[in-house]
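Student: One-letter residues, chain by chain:
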Amino acid sequence: MGAIYRREMNSFFSSSIAYVFLSVFFLFSGYFFLAGTLMSGTTDMSGMFSALFLIVLILIPVLTMKLISEEKKQKTDQGLLTAPVSLWGIVLGKYFAALTLYTIGLCITLVYALILSYFGTVLWGMVISNFLAMFLLGSAFIAVGVFVSSLTENQITAAAASFLVLIVLYLIDQIASLVNVDFIKNILMSLSFYTRYIEFTRGVFNLSSVVFYISTAFVFNFFTVRVFEKKRWS
Amino acid sequence: MIEVKNLTKFYGDKKAVDNISFKVNKGEILGFLGPNGAGKSTTMNMLTGYISSSSGQVLIDGVDILEDPIKAKKNIGYLPEIPPLYVDMTVHEYLNFMYDLKKCKQSRKAHIKDVCSLCRITDVENRIIKNLSKGYRQRVGLAQALIGNPPVLILDEPTVGLDPKQIIEIRTLIKKLGKAHTVILSSHILSEIQAVCDRIIIINKGVLSADGTADSISQSLTNKHRMTARIEGADKNTISDALKTIKGVKYVRADMEREKGIYDYDIESEQGTDIRRDLNSLCTKNGWNILMLQLSELTLEDIFLKITMGEGIVIPKEEQPQPEDNNNGGEK
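Protein chains in written order, with our numbering: chain A, 20 to 253; chain B, 586 to 917.
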């Protein structure tokens with residue numbers, strides 16, 4: 020797992036992906052920070068964090084699109100699968116590499132908070148809660164992206180499909196509001212990534228949401244392992 | 586070292602590999618021969634655990650590849666048909682990655698250096714793989730298989746894309762490696778198999794058709810005695826007819842005009858007969874000259890064609906060691 024993790028990290032930075040991801044993320048977070056926090060003269064960063072939800076949703080497919088699809092296309096998966104590593108090792112190595120890059124991007128928000136702390140009182144509890152929410156959201160979304168990437172050989176398809184899946188996950192609230200059956204509505208609402216995320220940005224630390232994001236990440240990583248497994252057996 | 590028992594693979598309804606069993610001993614170089622689509626690569630992919638078998642068992646040094654894949658894979662170096670190269674890395678970075686991936690214990694610098702010089706890629710070590718030629722890529726692929734010095738090497742068409750000089754180099758290298766490693770090598774280049782391998786397995790349409798040395802396979806395939814003679818002195822029909830009168834001759838063919846007006850005659854006679862003296866006296870009697878006389882064994886090429894043409898034939902292995910196990914490979 021360590022070798023795959025290091026290779027993916029190197030590959031992010033030797034290709035343009037890391038730079039594109041980081042610069043776009045910094046650009047938008049900086050804009051939202053300026054517009055939502057600095058311009059309104061507050062130390063509350065929640066506005067920025069809730070606006071970043073959509074940006075994360077667009078950027079994560081870029082991060083994960085080539086992780087497995089490119090291996091399949093270049094036939095390098097054959098090298099990985101015949102090396103003495105477990106399937107979990109392969110999948111998690113890639114997953115954590117993407118999560119690390121995502122977290123590096125995220126850390127810029129802490130810098131913003133530090134800047135703010137020079138000018139006023141920052142509620143660090145809120146900042147950490149927001150940061151944690153973004154981290155958890157990313158860890159779930161990246162797992163989804165890695166899974167979609169394992170289904171195709173084409174990076175662009177992987178990116179587009181992950182984006183589509185994430186949009187659907189984002190719109191679950193809207194879909195739920197269209198459903199009249201209470202039972203299904205409740206299920207859909209409890210699957211809502213957005214509602215849970217917004218809860219965090221308002222400072223509500225809900226343990227069930229933490230469990231929800233982590234288990235989503237686990238389930239999709241598990242699916243990815245199954246995709247590899249299935250390929251071997253069919 | 587490698588034991589394959591009743592290996593079968595279905596792709597959907599299509600049977601790609603059908604009940605193949607063989608054993609490879611330590612230090613043996615085994616050649617896998619077969620036309621395209623015969624199931625060579627599929628078999629190799631099953632041996633290395635890349636795909637699983639539909640039924641049957643693969644044991645690498647006594648370890649089942651599906652039951653304890655990590656332990657079994659540690660013993661294998663695999664060069665697939667398309668070398669699994671990360672084209673955005675330099676050769677050195679890539680070999681370093683493979684070193685980490687295989688969790689090697691050797692001293693890193695010295696080991697990678699050794700492998701590079703063995704495969705003659707030291708001079709491209711710092712170049713990006715994307716920019717390398719096919720021959721170099723192939724050699725980096727081979728280097729990758731050698732990292733960690735695994736006792737079993739499985740090489741799928743290792744000389745594809747190399748120039749003649751490189752082919753000879755790689756063959757020499759494989760022969761050298763064969764002294765300390767167990768090597769399985771697939772190819773459809775017959776001379777290569779003949780030059781490198783101690784033993785040959787021919788696969789046709791997923792079925793193991795022959796297993797043995799080139800000589801033993803050719804002996805079991807043919808029960809005829811063949812020779813080629815170049816005779817001068819008369820037109821080809823006269824000579825052909827005369828040759829057919831020699832006792833024991835079953836078949837004469839003259840279609841190669843090697844020198845002007847002089848033909849080569851392929852003569853097939855019954856097993857155990859030696860017609861050379863009769864042939865000589867026939868020619869002396871008629872005043873013809875024998876310019877050349879050559880006994881021909883079946884070449885590997887002949888064997889290959891014979892086995893793989895049409896429906897294909899299967900040569901039963903003579904010294905078939907009856908599988909001593911209780912044959913429980915069916916439940917996988």
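The reader is advised that the hints may include incorrect statements.
Computed list of chain B residues with no C-beta within reach of chain A, every gap over 10 Å [stated by the list, open to error]: (1) T633; (2) G634; (3) S637; (4) L670; (5) D826.
Stretch by stretch, here's where chain B covers chain A in the computed footprint (C-beta under 8 Å, at least three residues) [as the list claims (entries may be wrong)]: (6) 23-35; (7) 88-99; (8) 103-114.
The set of hints was computed from the structure by calculation and includes no laboratory data.
On a predicted model such as this, the values are computed, not experimentally measured, just so you know.
For every residue, glycine included, the Cβ atom is placed at its ideal position computed from N, Cα and C.
Student: Decide, hint by hint, whether the structure agrees.
Tutor: Structure-based check of all given hints:
The Cβ of T633/B does not lie farther than 10 Å from every Cβ of chain A; its closest approach is about 4 Å, which violates its non-interface assignment. Not every beta carbon of chain A lies more than 10 Å from that of G634/B, the smallest distance being close to 6 Å; the non-interface claim is violated. A beta-carbon of chain A comes within 10 Å of the beta-carbon of S637/B; the shortest separation is about 5 Å. The claim that L670/B is not at the interface with chain A is violated, since a C-beta of that chain comes within 10 Å of its own (minimum 7 Å).
Listed as outside the interface, D826/B is consistent with that label: its C-beta sits roughly 59 Å from the nearest C-beta of chain A, beyond the 10 Å cut-off. As drawn, the region 23-35 of chain A meets chain B at 7 residues by the rule of a beta-carbon pair under 8 Å; at three or more, the given contact holds. For the region 88-99 of chain A, the stated coverage by chain B is satisfied: 7 residues place a CB nearer than 8 Å to a CB of that chain, which reaches the threshold of 3. With a threshold of 8 Å between beta carbons, the proposed coverage of the region 103-114 of chain A by chain B holds, since 3 of its residues qualify and at least three are required.
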